[in-house]
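2 protein chains.
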Amino acid sequence: MKVADLHYRTIWPDARCKFVEVIDQTKLPFAFEIVRVQSSEQMAHAISTMQVRGAPLIGVAAAYGMALAMLEDESDDYLAQAAELLIASRPTAVNLAWAVGRMVTALQATPHTRRNFTAWRLAANIAEEDIAQNQAIGQYGLELIKNAYQNQLIRNKPFNILTHCNAGWLATVDFGTALSPIYAAHDAGLNVHVWVGETRPRNQGAFLTAWELAQHGVPHTVITDNAGGHLMQQGLVDMVIVGADRVTANGDVCNKIGTYLKALAAFDSNIPFYAAVPTPTIDWALISGEHIEIEERHAGEVGHIQGWAQNMGTDGKLQTVRVMPLESSAANPAFDVTPARLVTGIITEKGVFAPQNLHECK
Amino acid sequence: MKVADLHYRTIWPDARCKFVEVIDQTKLPFAFEIVRVQSSEQMAHAISTMQVRGAPLIGVAAAYGMALAMLEDESDDYLAQAAELLIASRPTAVNLAWAVGRMVTALQATPHTRRNFTAWRLAANIAEEDIAQNQAIGQYGLELIKNAYQNQLIRNKPFNILTHCNAGWLATVDFGTALSPIYAAHDAGLNVHVWVGETRPRNQGAFLTAWELAQHGVPHTVITDNAGGHLMQQGLVDMVIVGADRVTANGDVCNKIGTYLKALAAFDSNIPFYAAVPTPTIDWALISGEHIEIEERHAGEVGHIQGWAQNMGTDGKLQTVRVMPLESSAANPAFDVTPARLVTGIITEKGVFAPQNLHECK
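The listed protein sequences derive, respectively, from chains R and S. Per this note's numbering, the first sequence starts with residue 59, numbered consecutively. Per this note's numbering, the second sequence starts with residue 59, numbered consecutively.
Source of the hints: derived by calculation from the structure; they are not laboratory data. A quick note: this is a predicted structure, and the numbers were derived from the prediction, not measured.
Copies of the same chain are indistinguishable here, so a pair counts whether it falls within one copy or spans any two.
Straight-line Cα separation of at most 20 Å, SDA-like style, residue types lysine to any residue; simulated pairs:
| # | residue 1 | residue 2 |
| --- | --- | --- |
| 1 | 375 | 362 |
| 2 | 76 | 100 |
| 3 | 375 | 385 |
| 4 | 215 | 389 |
| 5 | 85 | 362 |
| 6 | 85 | 386 |
| 7 | 85 | 385 |
| 8 | 215 | 387 |
| 9 | 60 | 384 |
| 10 | 60 | 386 |
| 11 | 85 | 380 |
| 12 | 60 | 274 |
Construct the complete structure from the given sequences, taking the supplied hints into account.
Right, dumping it as structure tokens:
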């Protein structure tokens, strides 16, 4: 998608397949910086420090990490060692293990001297597949929006979509999952407006989603996570679209903490609630969301916020502030599970499925 | 309640009735500062800038604002002018108009030369009534907690109460509304633990509720506003108690933005949800919450956060940071309405009432 009128992906290989470049997402929206990743070890570091983040993107990043490894050493030993290193960089991420596993299987079946060439080609394929899946999600989502948009045309009002966290192009190679239908609708000339929940504690909504929508020129308004329910009660939300870290076989949606509250509010106001995910995000091995272990992240994420300094002669510089008393402690569950009964549909690259029909896309 | 072992109220008159002093709540928890309010205009400013905030407290503050007005000029014209100024300082809370109306009625019936004396006496009475009401709310709420606490004793676990925003002693003259039962339970030796939602955008939970619970020694944990629903799904919340800015005749609860989302989650997990309010917070003139004007506050409250600086050689100093891109705008509705169907009961100084029986406390 566009950054200051130039087209970017979140990750791309050097033309001669000697290194990889990525957008450093720890710097956004404070600075737009490209990082050159020159070794498999550097790629593992980029993943673990969240310079690249988002389930689909870290899968692709790990695939390129394997390609960098084959540049270093095409031996069986090194192949196994690099795979282990990359999988360990975010051990809970399913897409990571999936992408590395796919690379290992293909490379083991390839003569040593051809492994470097094969690895770069396969990593590029995985990246292209991600883009194609996200574009297909965008088109299926666009149909949903178009159908609902008719009412708004009559009322001469924008079509308001609420999203949570960041499931945009920054979380993928390009286009995004939850934001892909929104970009498609905007580009098709529909009058869409996005309510962006800031998504405490890490503010991926206010930091990443707002930034990428602004860069692409999509009208949007940042709100606190508290405000979504009220806007729905007031008739100011026409559809909710979120991404997901994992969807279970019954259609339960595990996503960023706070998603469940928005789903409850959408249900209460009879507003359609969709999760947009490529099918590799569906975990067919899990019958329901109760079985998902919820990651408890560091309490410091709740107690501290990073932003642009606004006073004290440090204007515009990056500054971390503590936002609770030293005497108090904090808890920080990172995800929650939205029960399938609150989910209108799952938007995938194979179509839109009600939770009870999700098996049809298996 | 106590601040570093000294007893404080949030507001008190000078012994010679020449000015009023208040705790400046915009400085908490970063600094504990007392502000001297010397005119009705200064009191309107203290209310609109939220140096004093919380429905019960701004009622009392406005009453003292009328007393300050009578110190300035005891005429009918000035009485009407001061009343108008004070009522306009915050639109949503009913207590403000109630307290000012009560002052105006009494003062209109008082000879001009006695108005100053009468005004200070009546404002003091309103403050004492607030304290007595909050203590009674604490006792009625304590009974609810004691009854439910039996289950926790058997399970040998703390009794977990979730609250939102600040309805503690800082929101009143003393004791608080939602926190009054919690202080009563803690002081009675019950093992209570409080989940404190940070309450973006102004963080009154993380700033004020956490601060006052810490000062009083009540065990508590700060969470993002996103986390409450997940904790309820996990069985980690036994009761929700919030305050309210206004309760309508049918039991709809208008409170800080985000309250509605917690009520939905409590209902979904079959957890009792109470609003604790003195009866002056009940607006008998309004049949339901749809008719309440919701205050839209400045977008800068969403886009900026204040905290203690943590780096750049400015450690511990107060610093404001911007937390969204300059290119994005924000919306900031300050309150929402929780429908009576989600409310288990209203805890008042006259007892606990199910919404459908609320008229019994009229």
